[in-house]
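On the provided structure of chain A, position chain B as indicated by the hints.
There are 2 protein chains.
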Amino acid sequence: MSDAIWKKLEERIEWLIEQEKFAELQSLLEDVHPADIAFILSRLDRVSQHIVFDLLGSETASDVLVELSDHTQERVLGELDEQRLADLVDMLDSDEAADVLGSVEPEIAEKVLETLPEEQKSDVQQLLTYDEDTAGGIMSTELVSVEESMTVEEVIDEVRSAADRVDDIYAIWVVDSDGVLRGSVTLKNLILAEPNTRVGSLMDSDVRPVVVDMDQEEVVHIMRRYDLVAAPVVDSSGKLLGRITWDDAIDVMNEESEEDLGYISGTGEEEPSARSVFNSSRERIPWLIAGLFGGIISALVMSGFEQSLNHIIVLAFFVPIITAMGGNVGMQSSTIIVRGLATGEITYDDAGQRIAKELGVALLNGAMLGLILTLIIWFWQKELEISLVISFSLLVVILVSSIIGVAAPLMLKKINIDPALAMGPFVTISNDIFGVFIYLSIATVLLVH
Amino acid sequence: MSDAIWKKLEERIEWLIEQEKFAELQSLLEDVHPADIAFILSRLDRVSQHIVFDLLGSETASDVLVELSDHTQERVLGELDEQRLADLVDMLDSDEAADVLGSVEPEIAEKVLETLPEEQKSDVQQLLTYDEDTAGGIMSTELVSVEESMTVEEVIDEVRSAADRVDDIYAIWVVDSDGVLRGSVTLKNLILAEPNTRVGSLMDSDVRPVVVDMDQEEVVHIMRRYDLVAAPVVDSSGKLLGRITWDDAIDVMNEESEEDLGYISGTGEEEPSARSVFNSSRERIPWLIAGLFGGIISALVMSGFEQSLNHIIVLAFFVPIITAMGGNVGMQSSTIIVRGLATGEITYDDAGQRIAKELGVALLNGAMLGLILTLIIWFWQKELEISLVISFSLLVVILVSSIIGVAAPLMLKKINIDPALAMGPFVTISNDIFGVFIYLSIATVLLVH
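Top to bottom, those sequences are chains A and B. With our numbering, the residue at position 188 of the first sequence is 188, and numbering never jumps. With our numbering, the residue at position 185 of the second sequence is 185, and numbering never jumps.
Calculated from the structure, these hints are not laboratory results. Treat the numbers as computed from the prediction; the structure is a model and nothing was measured. It is possible that part of the hints are untrue.
The list makes no distinction among identical chains, and a pair is therefore deemed to hold if it is satisfied within one copy or across any two copies.
Unchecked claim - Below are the SDA-like pairs computed for lysine to any residue, each with C-alpha atoms no more than 20 Å apart in a straight line:
hint	residue 1	residue 2
1	Lys21	Glu11
2	Lys382	Leu44
3	Lys188	Leu44
4	Lys188	Glu154
5	Lys7	Glu218
The following block holds chain A by itself, in its conformation from the complex (with noise of 0.2 Å):
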């Protein structure tokens, strides 16, 4: 839908709220798709959500549900009663109904879970077991799975009794007698096979099975890598408990690369959607505070200098140029130096060469733009000897601030922490104090008789 058409939906959608209309808003809302109504949901103030939700058939609840940000999945979740919420989870797979249930109340997830049939129940309480960030934590158990010895025949009558419980059927997971994982066969490979074929003689055993407790970032790399429409997970002696499929794999980016922003630019968990002023206060102040108390280190550290400072003033004028520069080329250093970590082409044991590359690289830039500002400060003031000062001071920084973007990442890689967290505010900050100290120090000795 074009920007324009959804700017109508919406300002009909609330338009048929404020007048109260609401079995005309009922009649509207069949129309829309679920993820449409989710994406709706996500604009409207917490009042009308709630008069949508309610307005919306369990089905399509449920649909709607699965697809709302984390923000408004909660607020949303907030406002059910127990039947209500009974009535939704029964009709999620097993993944989902575990998300919802993990973030509601325990006594209400509790009571929710003792309403689903027997056999749901008990996976939805494994999966609830497993850490979030795992294989187990994002698969879902609604798969189909066949023996070796069955026939082709054989497997697409299991396939018929699946296919109401199994919406997308990727892959057909064919495991032994212990259900132990032996290889997947594709609904191709089924219908260009004669019939009467044991499926063990058709599949590929070349499966690249996941274990429950990896982190799912791995999970994502290796699905990325083989091309993995759907990765089946299997526990440590190789029995098949479930599968991750390609829209989770897109979830855990989206994740990853939203946690990987949040750092950067000191947002934490915020989400866009989000109205509330306090909440996203609450969520930037933390960045913002050590961001300060960094500021007055650099601060302390000035006033160590004072003397210099009142003699030669002009070289207060450049401390915004050395933080500047010293964040962005630790800013630089350190992304490259992530990114390389989490695709595998950069481990720990490069730390050597890839301190000897980006020192080479701030060299080079750093001389450069050491050069640049020689003229230009030579031009301004038409003290040589200053311009020069201030540039050599300039290219230690550089040189400097690359050192630590490199070594950041990799220590707290090194210390089992997101190395992503070496791209926010930690490096830049350690990088105008030492900047500010560098700088300083270097025009004292050379400048100050």
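For chain B alone, coordinates are given in the frame of chain A:
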């Protein structure tokens, strides 16, 4: 594979190259997945890359070629002779062939095209005409399409004859006699249906085709929202031209998030696997020069306040806090807006409301930070007036930075420039300059009598 196994494999390959044991290397590579060979290539030096790639059989080599990062692919392609290139391109899907031919010299591409079978040649030529950031630029022409009037049995025959050409059949597209897309059926539906059913009665007509010139980001947006494992691509008259699959969507997401990171960090199109100091320097220097000139403007602004600074040198100590806080706050606001614009949760029409919200957050956070800063400076410098004035300036700088942070991405979006640019040096540089100016102006008016 674990890091340790990778490292061992990598060392073994390097050792075999060094010892020139090429036969042994060749047989070792036969057991490695093409995607893994691509990964290893990205970590080898130029000469070794060439040696390894030369040892690969055509089929493996073509699989490896499409898995390489742009940077490594470019280097490998640069070393291939025309005959080998033609052999490899012949084995690729149309979209991959177009990508590869799009990255070699036009004369070479022309010669290779001539060697392809007629149908493939015209497909690839057609694909080469589309802008690479559009649906046409990422779609492939390998798909299964059938006419509405065909029976399930006939469709299965069609699948059989297309099986070799189309690796992953996610859906079968149903078209009318003019080739206009009418609907789709899944293989699951085919398997479950009676052989003599007409496919027109079986198909899902709620397909959501994307138009061939649609921006790739919007395509991915649609595929994600409606959970489409494959999206059909049509021309303006609705005629089916190709399809985009989930793995294309993942590649686009990855490309876009790398582009954003390149903007934010000022690393441009640099890839982590790049080893050349000179290339990395070239990608990064433009952003640094922009920052340098921003810093020089800040220096000019500060020189305009030389008297105030000479009078109260303490003011200089707090310049790093002002620039750091202005930068952080601007980055926070712009990141939220850029993300919201990307998902559609924020539109240009929301500008007023968004600025109001961001001002609210800025006011709340600015007040808290100002209070902390007042107490610290007061305690440290024992001057209540100075501490109040600096903190008040900080508050004003935070408010202004936040407005710039909201306005910049919205304005860029309005003039059709990627708003993600606003998260980069653009906002940080302008916030440094405005911050220093506002801070010293307020301090001069209030403190320097």
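Evaluated hints:
1. With identical chains, the CA atoms of Lys21 and Glu11 are at most 20 Å apart within one copy only, with a shortest distance of 14 Å there and 71 Å across copies.
2. Taking CA atoms no more than 20 Å apart as the test, Lys382 paired with Leu44 passes in neither setting, with 61 Å inside one copy and 50 Å between copies.
3. For the identical chains of this complex, Lys188 and Leu44 are neighbours neither inside a copy (44 Å) nor across copies (38 Å), given an alpha-carbon limit of 20 Å.
4. Both within a single protomer and between protomers do Lys188 and Glu154 lie at most 20 Å apart by alpha-carbon distance, with minima of 16 Å and 15 Å respectively.
5. In this assembly of identical chains, Lys7 and Glu218 lie within 20 Å of each other by CA distance solely across copies; the values are 17 Å between and 39 Å within a copy.
Checked against the numbered hints listed earlier, the structure breaks hints 2, 3; every other hint is satisfied.
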